[in-house]
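2 protein chains.
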Amino acid sequence: MLEITLVGTGGTFPLPNRWLTSLVIRYNGRMILIDCGEGTQLAVRKCGYSLNPIDIICITHFHADHIAGLVGLFLTMGNMGRTKPVKIIGGRNVENIVKSLCVIAPELPFQLEFLEIQDDFLEMPFGDMIIKAFAVEHSTKCYGYSFRLKRKGKFLPDKAKELGIPIKYWKNLQKGESVVIDEKIFTPDMVMGSERKGLSLTYCTDTRPTQSIIDNAKDNDILICEGMYDTPDKLQKAIEKKHMLYSEAANIAKTANVKELWLTHYSPCIENPNENIYTATDIFENTKAGYDGINKILMFGE
Amino acid sequence: MLEITLVGTGGTFPLPNRWLTSLVIRYNGRMILIDCGEGTQLAVRKCGYSLNPIDIICITHFHADHIAGLVGLFLTMGNMGRTKPVKIIGGRNVENIVKSLCVIAPELPFQLEFLEIQDDFLEMPFGDMIIKAFAVEHSTKCYGYSFRLKRKGKFLPDKAKELGIPIKYWKNLQKGESVVIDEKIFTPDMVMGSERKGLSLTYCTDTRPTQSIIDNAKDNDILICEGMYDTPDKLQKAIEKKHMLYSEAANIAKTANVKELWLTHYSPCIENPNENIYTATDIFENTKAGYDGINKILMFGE
Numbered sequence: 079m080l081e082i083t084l085v086g087t088g089g090t091f092p093l094p095n096r097w098l099t100s101l102v103i104r105y106n107g108r109m110i111l112i113d114c115g116e117g118t119q120l121a122v123r124k125c126g127y128s129l130n131p132i133d134i135i136c137i138t139h140f141h142a143d144h145i146a147g148l149v150g151l152f153l154t155m156g157n158m159g160r161t162k163p164v165k166i167i168g169g170r171n172v173e174n175i176v177k178s179l180c181v182i183a184p185e186l187p188f189q190l191e192f193l194e195i196q197d198d199f200l201e202m203p204f205g206d207m208i209i210k211a212f213a214v215e216h217s218t219k220c221y222g223y224s225f226r227l228k229r230k231g232k233f234l235p236d237k238a239k240e241l242g243i244p245i246k247y248w249k250n251l252q253k254g255e256s257v258v259i260d261e262k263i264f265t266p267d268m269v270m271g272s273e274r275k276g277l278s279l280t281y282c283t284d285t286r287p288t289q290s291i292i293d294n295a296k297d298n299d300i301l302i303c304e305g306m307y308d309t310p311d312k313l314q315k316a317i318e319k320k321h322m323l324y325s326e327a328a329n330i331a332k333t334a335n336v337k338e339l340w341l342t343h344y345s346p347c348i349e350n351p352n353e354n355i356y357t358a359t360d361i362f363e364n365t366k367a368g369y370d371g372i373n374k375i376l377m378f379g380e
Numbered sequence: 079m080l081e082i083t084l085v086g087t088g089g090t091f092p093l094p095n096r097w098l099t100s101l102v103i104r105y106n107g108r109m110i111l112i113d114c115g116e117g118t119q120l121a122v123r124k125c126g127y128s129l130n131p132i133d134i135i136c137i138t139h140f141h142a143d144h145i146a147g148l149v150g151l152f153l154t155m156g157n158m159g160r161t162k163p164v165k166i167i168g169g170r171n172v173e174n175i176v177k178s179l180c181v182i183a184p185e186l187p188f189q190l191e192f193l194e195i196q197d198d199f200l201e202m203p204f205g206d207m208i209i210k211a212f213a214v215e216h217s218t219k220c221y222g223y224s225f226r227l228k229r230k231g232k233f234l235p236d237k238a239k240e241l242g243i244p245i246k247y248w249k250n251l252q253k254g255e256s257v258v259i260d261e262k263i264f265t266p267d268m269v270m271g272s273e274r275k276g277l278s279l280t281y282c283t284d285t286r287p288t289q290s291i292i293d294n295a296k297d298n299d300i301l302i303c304e305g306m307y308d309t310p311d312k313l314q315k316a317i318e319k320k321h322m323l324y325s326e327a328a329n330i331a332k333t334a335n336v337k338e339l340w341l342t343h344y345s346p347c348i349e350n351p352n353e354n355i356y357t358a359t360d361i362f363e364n365t366k367a368g369y370d371g372i373n374k375i376l377m378f379g380e
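So the sequences go chain by chain: A and B.
FYI, the numbering for the first sequence is 79 to 380, going by the numbering used here.
FYI, the numbering for the second sequence is 79 to 380, going by the numbering used here.
Worth flagging that the hints you see were computed from the coordinates, not collected in a lab.
Careful: at least some of the hints might be erroneous.
No copy is singled out in the list; a pair is fine if it fits within one copy or between any two copies.
Pairs of lysine to aspartate or glutamate, DMTMM-like flavour, derived with a Cα cap of 25 Å [to be verified]:
id, residue 1, residue 2
1, LYS320, GLU185
2, LYS315, GLU185
3, LYS319, GLU185
4, LYS219, GLU185
5, LYS262, ASP236
6, LYS239, ASP267
7, LYS177, GLU191
Next comes chain A alone, as it looks inside the complex:
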């Protein structure tokens, strides 16, 4: 299972009742944070999560509303006893930029490891998960992220019986280990069905609609997508500022055939993100206007 929580949903600057957009993914006792604007450490804690399990931070781009909270987060993690390295994924120059911000935090008790996205694409494993970064289209270089938790095939007891594998070895094979019985090697693929549909989600803010979002979000369980502006009269502004309308996000969700869409990264001018949600739901019914703390546990299907 994966637990996802949109700890903030604001764009541009934080509001007294809306933190900046940031997503927490909890998986197997570990945490991934996507973006960290000013106040994100508080937003995470307000959702009831400790900061300590954050192992990976994915940065979409280097505008302050997505990164200015990083130093405060690091210091608080240090204060709370973090000593394990933290991995930061981001675009070109991520290491220099984060180090520049860290001028006021020269002595962190843990290492920062940097992974720079090369040639606009990155794919890395994280346990049974695959993290991908892909380019989107903003006023500055910006990346979306997708996360896929793989799911093994079903164990096939009939096959195991047919091969004469004693029951005591089945667990090893289910765990992906090979076993040797009477000098004969049995590998997991001999008794496991083909890989089943896992869990998947895609996250993108600060972008115009792009084919890359559709491709990455294809058949996902959830798409978390910016909806900086609500009504169609803001289209020109959205084009100029390289953001999206609710309806554009909904069109992506529909084309990509996702199960659910959460909108986020609202303009500070939007007081009630739900007010014009119909502009999205008319296109893609299962749209939710994300709010600070919206949470979902994604479970493997049957």
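Assemble chain B onto chain A, guided by the hints.
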């Protein structure tokens, strides 16, 4: 008059119910901000103030809990239409450090002007106010700030009559302008009494008790002083970390003969800053455990 608001009272890192320590001074439609940790822009807005009138930002030192919110503040001020320069006062290298933080805000629509404290001391006028910075004693170079609003002497109508100055010129002299009547020059000092006691306050956090605080706070209307730790059993920790106990702040207030003391910059371990306030009030009765939003208007006496 001066209006002072302690917009946050936390030390080290922000808590969900306590912003980082920062003071707003409002004077004559303008604002001075002292320190700007992560979230201070929100703390100021939660107090109901616009960010736009902030003309001067005084930085005590470069630990993140006192400066990490600067970039976010600048960007929001820019978003809100600020075009007038903002002056930043701080210790050695203030310009380089702030510019390093601004790597994620390369295009602010207003200028930053830097005033570096030289030889551990600074004194500058700001309207009828004098702003002073003085060195305190922390684990890194750190400064306290004091603010004094001057008050002119009383206008002496008997003297004006004696000198034969027509009433229609009295206002000019009261405003500090000289007037020429029948080719004779009359200067304000001829009709004004000597300067009266103005308003004064001193602010210091992140320091052990020092003589410099006592000297600057002497007879002040208010001293805003750190009280990182409450009870006497934390003395050793206070000495090691270069902070103060409530009682040490109270002793300064007593020795300096201030009218009122506000404690601030509490350790995140202090859940209720009022709980052990007696450790200060036993020494200096008019002590308040500062809280986010505590506010006072200082008025000239009669």
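Hint by hint, here is what the structure shows:
no.: 1; hint: LYS320 - GLU185; result: between (37 Å within a copy, 17 Å between copies)
no.: 2; hint: LYS315 - GLU185; result: between (43 Å within a copy, 20 Å between copies)
no.: 3; hint: LYS319 - GLU185; result: between (38 Å within a copy, 15 Å between copies)
no.: 4; hint: LYS219 - GLU185; result: between (30 Å within a copy, 16 Å between copies)
no.: 5; hint: LYS262 - ASP236; result: within (19 Å within a copy, 118 Å between copies)
no.: 6; hint: LYS239 - ASP267; result: within (14 Å within a copy, 109 Å between copies)
no.: 7; hint: LYS177 - GLU191; result: both (11 Å within a copy, 24 Å between copies)
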